[in-house]
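Two chains, two frames, a set of hints: combine them into the complex.
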Amino acid sequence: MKELALHLLDIAENSLAAGARHITIKVIEDTLNDRLTMEVCDDGKGMDAKMVARVIDPFVTTRTTRKVGLGIPLLKAAAEACNGSLTIESEVGKGTCVRVVFQRSHIDRMPLGDLAGTFLTLLVGNPHVDWTFIYQVDERVYTFESAPVLEVLQGVPLTEPAVLSYLRQELEEGIHQVQKPVTLEKASQGV
Amino acid sequence: MPTIKSLDDLKRIREEALAKRKAKTTSGQVQITVAMGTCGIAAGARDTMKAILETIAEKNLEGIIVTQTGCIGLCEREPIVQVTVGDQPKVTYGKVTPEVARRILEEHVLKGQVVQDHVVPL
Chain Y
1 MKELALHLLD
11 IAENSLAAGA
21 RHITIKVIED
31 TLNDRLTMEV
41 CDDGKGMDAK
51 MVARVIDPFV
61 TTRTTRKVGL
71 GIPLLKAAAE
81 ACNGSLTIES
91 EVGKGTCVRV
101 VFQRSHIDRM
111 PLGDLAGTFL
121 TLLVGNPHVD
131 WTFIYQVDER
141 VYTFESAPVL
151 EVLQGVPLTE
161 PAVLSYLRQE
171 LEEGIHQVQK
181 PVTLEKASQG
191 V
Chain W
1 MPTIKSLDDL
11 KRIREEALAK
21 RKAKTTSGQV
31 QITVAMGTCG
41 IAAGARDTMK
51 AILETIAEKN
61 LEGIIVTQTG
71 CIGLCEREPI
81 VQVTVGDQPK
91 VTYGKVTPEV
101 ARRILEEHVL
111 KGQVVQDHVV
121 PL
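Chains as they are written, first to last, in our numbering: chain Y, 1 to 191; chain W, 1 to 122.
Okay, chain W solo, but in the shape it has when bound (with noise of 0.2 Å):
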């Protein structure tokens, strides 16, 4: 494979990644749902995806988990982010631009406040 980077650059991450977590408890963790239907996608919703992995880079935020969904049928109110914390319950955002996804993320994730204006009510 002829990769830029090398795959021994990886194992390093890796090793780094493992000793960081040996040294920390796991708190709750945190799965990130985008929603990736063709609604979802039109509104932007891998500008929202992008913004929210760097912000996951920049402020190295450990134990979260992104995933992709299709059309959850809300296509008015995409792009939309499901943020699920712990055993709280999960939250819906709808109309989540890059600005908004780096508030959730802020906010919602590092400090428990939900970001009331973009919560879309299920």
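Here chain Y stands alone, though its shape is the one from the complex (with noise of 0.2 Å):
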């Protein structure tokens, strides 16, 4: 995988397996300290220490332990290559945080990549779960929440074709505009 966006569906994807219904990714870039810091946080059945070293290490993994595979060893050799770490926190029954530091100027460190697309499928292939999504770069924040959306379509499809191109306008101009703040000509034209 050659994206962080691509490792962070990866995250989720073991969120889903483990069937949170609350979902929180926050990809947090902070150019003053120079570091990438991403989470992602569930509210799934958990892990107890024993099954969070197993995930970690891909030598030691079961084939009983099918949710989750090389993704995390991975993404923690990537990190670790980078002068950053990966770590997990877990809880049975309460849940897992995934939290993943990268030195953010580090030549190794993968491209953040299609945030949105991320976004987009993960919101739209699991309508059920309650998604917040926010990206933070220094003191520029989006933050998006399924629910409210949920709300105001009232069981009219995500797929709805207007609908989609609703959320994929939203979720690219939202993460646009943290990466590409508006400048102020634009902002006094209420652009």
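Derived by calculation from the structure, the hints in this document are not laboratory data. Mixed in with the good hints there might be a few duds.
Said to hold, decoys possible - Straight-line Cα separation of at most 20 Å, EDC-like style, residue types lysine to aspartate or glutamate; simulated pairs:
1. Y/Lys-94 with Y/Asp-48
2. Y/Lys-26 with Y/Glu-172
3. W/Lys-5 with Y/Glu-172
4. Y/Lys-26 with Y/Asp-138
5. W/Lys-5 with Y/Glu-145
6. Y/Lys-2 with W/Asp-47
7. W/Lys-11 with Y/Glu-151
8. W/Lys-20 with W/Asp-8
9. Y/Lys-2 with W/Glu-76
10. Y/Lys-2 with Y/Asp-108
11. W/Lys-5 with W/Glu-54
12. W/Lys-5 with Y/Asp-108
13. Y/Lys-26 with Y/Asp-130
14. Y/Lys-45 with Y/Asp-108
15. W/Lys-5 with Y/Asp-34
16. W/Lys-90 with W/Glu-106
17. W/Lys-11 with Y/Glu-145
18. W/Lys-111 with W/Asp-87
19. Y/Lys-26 with Y/Glu-89
20. Y/Lys-26 with Y/Glu-173
21. W/Lys-90 with W/Glu-107
22. W/Lys-59 with W/Glu-76
23. W/Lys-59 with W/Glu-106
24. Y/Lys-180 with Y/Asp-130
Unchecked claim - Listed next, the stretches of chain W that the computed footprint assigns to chain Y, with coverage defined by at least 3 CB atoms under 8 Å from CB atoms of chain Y:
25. 10 to 19
26. 32 to 38
27. 59 to 66
28. 100 to 106
As the list claims (entries may be wrong) - Pulled from the structure, derived: some chain Y residues nowhere near chain W, Cβ distances all over 10 Å:
29. Thr-31
30. Asn-33
31. Lys-45
32. Gly-93
33. Arg-99
34. Ile-107
35. Met-110
36. Thr-159
37. Ala-162
38. Gln-169
From the three backbone atoms N, C-alpha and C, an ideal C-beta is built for every residue, glycine too.
As structure tokens, then:
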């Protein structure tokens, strides 16, 4: 996988397999401290300490842990190669938080990639989950929550063509705006 | 929620969708499932999914449910997409690139012709 956004999709997939109802994905770029942090937190079934250790080490993973395979160990290796880390906090019955940190400017750090595509895929593919997507670059934050959207739609599916276009634009523009803030000139025009 | 587009826009979209739905009878529903295990994602399933969603929006295709699932055990055939049209049996496609995904929507979903060269026999 060549994009951090694809790894996010992969981690979120584990949350889905763990039966999560609420999943929060955070991507924070801190240019001052030169860190890029990604977090996926869920309220799924969680894991005990032994299982967490297994999930991180590919050579200990047994076939019964089918839901988690190479994804996490590969991402951990990628993070560590960029002066970063991958940690998992989990509690049985409560949920799991996977946190990955990279040195943002590291030459080997994967590009963030298509974050909007990852969010849209998760949202549309799993509308029964309560999603919160947070993307932050320094002090600029974009937050997307699925609950208010579903409330407005009142049963109209997310795959309704006009709804799909709306969601894609919303996510793409939101992320874009955090990456490249609206210039003062544009802001004064109300764009 | 500091959204870019307003939820009022979405309300309007919803009203329009409901009005359109009333106007036509619901024909056979289409269910499309994209496999998104680590294997699928690594093979490009997200781009396949994106192509499906884009085609639905572009061609204004109604009544299609798109969901995702995990690894179904055919990692070497990923990206895998399963399509069920109405009461017809489920068709499993392998090596579904974004181009193949568009073909599946145009030929199978719209015209009822299964894209034979990408069918995975189960």
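Verification of the hints:
1. Y/Lys-94 with Y/Asp-48: Answer holds: Y/Lys-94 to Y/Asp-48 is near 11 Å, not above 20 Å.
2. Y/Lys-26 with Y/Glu-172: holds (16 Å)
3. W/Lys-5 with Y/Glu-172: holds (11 Å)
4. Y/Lys-26 with Y/Asp-138: holds (13 Å)
5. W/Lys-5 with Y/Glu-145: Holds, because 13 Å separates the two Cα atoms, which is no more than 20 Å.
6. Y/Lys-2 with W/Asp-47: holds (13 Å)
7. W/Lys-11 with Y/Glu-151: Status holds; Cα separation ~10 Å.
8. W/Lys-20 with W/Asp-8: Status holds; Cα separation ~19 Å.
9. Y/Lys-2 with W/Glu-76: Answer holds: Y/Lys-2 to W/Glu-76 is near 19 Å, not above 20 Å.
10. Y/Lys-2 with Y/Asp-108: Holds: Y/Lys-2 and Y/Asp-108 sit about 11 Å apart, inside 20 Å.
11. W/Lys-5 with W/Glu-54: holds (19 Å)
12. W/Lys-5 with Y/Asp-108: Distance ~35 Å between W/Lys-5 and Y/Asp-108 Cα, so the pair is violated.
13. Y/Lys-26 with Y/Asp-130: Holds - the C-alpha atoms of Y/Asp-130 and Y/Lys-26 are around 14 Å apart, at most 20 Å.
14. Y/Lys-45 with Y/Asp-108: violated (34 Å)
15. W/Lys-5 with Y/Asp-34: At roughly 31 Å apart (the allowed maximum being 20 Å), Y/Asp-34 and W/Lys-5 break the hint.
16. W/Lys-90 with W/Glu-106: holds (17 Å)
17. W/Lys-11 with Y/Glu-145: The given pair, whose Cα atoms are some 16 Å apart, holds under the 20 Å limit.
18. W/Lys-111 with W/Asp-87: Roughly 15 Å between the alpha carbons, so the hint for W/Lys-111 and W/Asp-87 holds.
19. Y/Lys-26 with Y/Glu-89: holds (15 Å)
20. Y/Lys-26 with Y/Glu-173: holds (17 Å)
21. W/Lys-90 with W/Glu-107: holds (15 Å)
22. W/Lys-59 with W/Glu-76: Roughly 31 Å between the alpha carbons, so the hint for W/Lys-59 and W/Glu-76 is violated.
23. W/Lys-59 with W/Glu-106: Holds. W/Lys-59 to W/Glu-106 sits at ~9 Å (cutoff 20 Å).
24. Y/Lys-180 with Y/Asp-130: violated (28 Å)
25. 10 to 19: holds (count 7)
26. 32 to 38: Contact hint for the stretch 32 to 38 of chain W vs chain Y: holds, 4 residues under 8 Å.
27. 59 to 66: holds (count 7)
28. 100 to 106: Coverage by chain Y is violated for the stretch 100 to 106 of chain W (0 residues, Cβ < 8 Å).
29. Thr-31: Since the minimum Cβ distance to chain W is about 21 Å, Y/Thr-31 lies beyond 10 Å and the statement holds.
30. Asn-33: Non-interface label stands for Y/Asn-33: nearest chain W Cβ at 24 Å, farther than 10 Å.
31. Lys-45: About 15 Å separates Y/Lys-45 from the closest Cβ of chain W, which puts it past 10 Å; holds.
32. Gly-93: The claim holds: Y/Gly-93 sits with its nearest Cβ about 22 Å from chain W, beyond 10 Å.
33. Arg-99: Its Cβ never comes within 10 Å of chain W, the nearest being 19 Å, so this holds.
34. Ile-107: holds (23 Å)
35. Met-110: holds (13 Å)
36. Thr-159: violated (5 Å)
37. Ala-162: Given a closest Cβ separation of 5 Å, the condition is violated.
38. Gln-169: It is violated; Y/Gln-169 is separated from chain W by about 6 Å at its closest Cβ, not greater than 10 Å.
In this structure, the earlier hints numbered 12, 14, 15, 22, 24, 28, 36, 37 and 38 are contradicted, and the remaining ones agree with it.
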